[in-house]
Amino acid sequence: MEDMIAVEGLRKVFHTPFRRRRVEAVKGVTFTVGRGEIFGFLGPNGAGKTTTLKMLVGLIRPTSGRARILGGEPGAIDIMARVGFLPEQPYFYDYLKPTELLDTFGRIFGIPAAERRRRIDKLLDLVGLGDAKNRILRKFSKGMLQRVGIAQALLNDPELILLDEPMSGLDPVGRKEVIDLIASLKDQGKTVFFSSHILADIERLCDRVVILHKGEVRHAGTLEALLAQGDRKEILVAGTLEDGWAARTGVVAVDRIGGRVTRLLVEAGAADGVLRALLEARLEILQVSDRRISLEELFVQTAGSGPVGAKEVAG
Amino acid sequence: MKNLLGSPRRVAAIARNTFIEASRNRAFIGLGIAAMGLVASSMAISGLAIADQMARVLVDFGLFSIAILEVVIAVTMGVILVYKEIDRKTFYVILTKPIRRSEVLAGKFFGLAAVLAIALALMSVAWIGSLALRGVPIPHDIAQALVLTWLQAVLVTSVALFFSSFASPILSGVFTLGIYLAGTTLYVLEDLLTARKGVLVTNDAARAVARTALTILPDLSVFNLGKELILGIPIGWDYVAASGVYCLGWCLLFWGLAALIFERRDFA
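Going down the list, the protein sequences come from chains C and S. One rule links them: number in the working numbering = place in the first sequence (from 1) + 18. One rule links them: number in the working numbering = place in the second sequence (from 1) + 2.
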């Protein structure tokens with residue numbers, strides 16, 4: 019598959035004034051995004067998502083490593099003509115109307131006047147701002163500014179769309195509209211790369227995801243494979259277990275249900291060994307069932323864990 | 003010109019945007035009101051002058067007021083507009099479009115130059131109107147003097163844009179005003195250097211500092227021809243054209259330096 023984004027060993031170190039302190043915001047991130055994919059970039063606040071995105075659009079220069087989009091350098095004129103970008107919590111000129119703002123961007127892209135007007139009207143209707151197009155942006159709510167931001171990111175009919183927290187500031191109806199919009203972009207053959215910490219949106223939309231934490235890639239791959247990686251078995255055992263069971267390889271958790279049943283949560287790959295051990299110990303196994311990890315659990319587990327190497331999951 | 007400034011289309015788009023945004027800004031409207039107030043005060047001051055000095059005061063104070071207000075607009079807008087774009091992160095959207103950072107700076111500069119031209123036109127109408135109301139004859143070369151005033155403000159704008167490409171708004175404002183004050187009084191240094199006595203004649207180090215200042219600072223006194231206007235000394239359009247070239251040279255230098263800094267800047 020053709021790489022729309024190729025990031026290799028990307029690092030960014032920020033220095034505080036007079037170089038008294040250095041902060042490594044992104045620590046050797048590597049991933050690729052293929053044509054036509056919806057790619058989710060997940061991570062808690064401060065994970066390095068926005069810094070990575072800014073390096074992808076040329077706002078920040080990497081300290082080391084390499085980022086390429088559409089086969090070229092981020093920020094290059096011919097590349098940015100084919101890219102749409104929505105920054106996090108976008109802000110625009112107070113005294114301009116959305117039509118004037120989009121007209122300026124259309125002029126920068128070199129879109130002819132008639133086509134510009136047609137696209138601006140169409141996009142403002144698409145993002146639900148058809149009735150507000152003659153109001154100055156100063157009077158817009160956060161959600162309305164987010165919609166203007168989405169409209170400007172699509173003005174040049176881009177091949178690659180990078181969205182930093184696109185659902186931020188939107189009400190549930192707005193979120194649903196943006197989700198539908200992103201899904202329709204995929205149907206048009208566009209590639210969408212978006213960062214979010216709203217897991218439901220990622221689960222609904224993305225083909226592949228990267229989970230970033232403290233500047234490092236913790237998980238990368240298809241969503242299905244990522245979640246399968248966390249597949250577990252739940253084993254219910256009659257009676258009480260000795261303390262040593264909790265420390266056994268593959269046992270994630272041990273807890274009591276009522277006074278007479280113990281529940282073991284076991285990694286799928288270790289289930290056979292644990293069951294054999296339970297039988298050898300002559301314990302009565304009441305039930306064995308599958309338990310698939312949710313994206314939320316995976317995310318929390320990632321965010322709560324110490325430094326680990328990136329796990330690439332095939333799929 | 004295309005290679006020098008980038009794409010005229012993209013520069014024009016930013017200039018147009020800057021002009022619309024700045025002209026609707028309340029700060030600009032406030033400055034317009036201040037301009038009218040100054041013109042009114044020049045009329046009041048002229049009332050205090052001796053009868054035969056009234057025309058001189060009206061011409062002198064009026065042109066001075068317009069020049070000062072143009073510089074105030076140049077400094078405030080030049081410093082605030084770039085700072086606001088960085089602070090409010092509107093640059094994130096602009097700089098991720100197919101446009102060079104140097105083109106954005108050039109567009110900002112031309113947009114502000116247009117704002118200064120409109121402000122000058124409005125103040126000039128009010129000033130000439132006040133002269134006519136008092137029955138003061140309109141000075142012959144008033145148009146040339148006003149164009150020179152605009153050129154000075156345009157040069158100050160390029161200085162403000164240069165400083166605001168790397169410094170905080172307060173520092174940018176202070177540095178720009180410093181350059182303006184030094185630039186308007188540079189002719190005094192020149193006089194002292196050619197004098198027969200004084201510290202600049204006897205002290206080598208002081209003379210070297212003065213010569214350096216004359217080399218690295220723009221001489222803004224070339225744009226201030228209030229005296230010539232009052233005394234009826236002709237100001238030729240060839241002089242205005244030469245001053246325009248001088249202004250353009252300095253603007254290109256400051257824009258080039260600002261672009262160099264801006265190109266390397268991270269927008270974190």
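A portion of the hints provided could be inaccurate.
Restraint-style ranges between C-beta atoms, simulated for each label pair [stated by the list, open to error]:
id, chain 1, residue 1, chain 2, residue 2, range
1, S, Ser-170, C, Arg-281, 41 to 51 Å
2, S, Ala-208, C, Arg-100, 33 to 43 Å
3, S, Leu-195, C, Ala-131, 14 to 24 Å
4, S, Thr-196, C, Gln-107, 30 to 40 Å
5, S, Thr-196, C, Ala-131, 51 to 61 Å
6, C, Ala-131, S, Arg-213, 52 to 62 Å
7, C, Leu-199, S, Ile-263, 56 to 66 Å
8, C, Asn-152, S, Ser-170, 44 to 54 Å
9, S, Arg-266, C, Arg-156, 52 to 62 Å
10, C, Lys-160, S, Leu-195, 55 to 65 Å
11, S, Arg-266, C, Gly-46, 42 to 52 Å
12, C, Ile-216, S, Ser-170, 29 to 39 Å
13, C, Gly-46, S, Leu-173, 35 to 45 Å
Keep in mind the hints are simulated off the structure, nothing from the lab. A virtual CB, placed ideally from N, CA and C, is assigned to each residue, including glycine.
Quick rundown of the hints versus the structure:
1. S/Ser-170 to C/Arg-281: 41 to 51 Å: violated (60 Å)
2. S/Ala-208 to C/Arg-100: 33 to 43 Å: violated (59 Å)
3. S/Leu-195 to C/Ala-131: 14 to 24 Å: violated (56 Å)
4. S/Thr-196 to C/Gln-107: 30 to 40 Å: violated (59 Å)
5. S/Thr-196 to C/Ala-131: 51 to 61 Å: holds (58 Å)
6. C/Ala-131 to S/Arg-213: 52 to 62 Å: holds (54 Å)
7. C/Leu-199 to S/Ile-263: 56 to 66 Å: violated (38 Å)
8. C/Asn-152 to S/Ser-170: 44 to 54 Å: The hinted range 44 to 54 Å is violated for C/Asn-152 and S/Ser-170, with Cβ atoms some 36 Å apart.
9. S/Arg-266 to C/Arg-156: 52 to 62 Å: violated (32 Å)
10. C/Lys-160 to S/Leu-195: 55 to 65 Å: holds (60 Å)
11. S/Arg-266 to C/Gly-46: 42 to 52 Å: violated (23 Å)
12. C/Ile-216 to S/Ser-170: 29 to 39 Å: holds (36 Å)
13. C/Gly-46 to S/Leu-173: 35 to 45 Å: Given a distance of about 36 Å, which is inside 35 to 45 Å, the answer is holds.
Violation of the numbered hints given earlier is confined to hints 1, 2, 3, 4, 7, 8, 9, 11; the remaining hints are satisfied by the structure.
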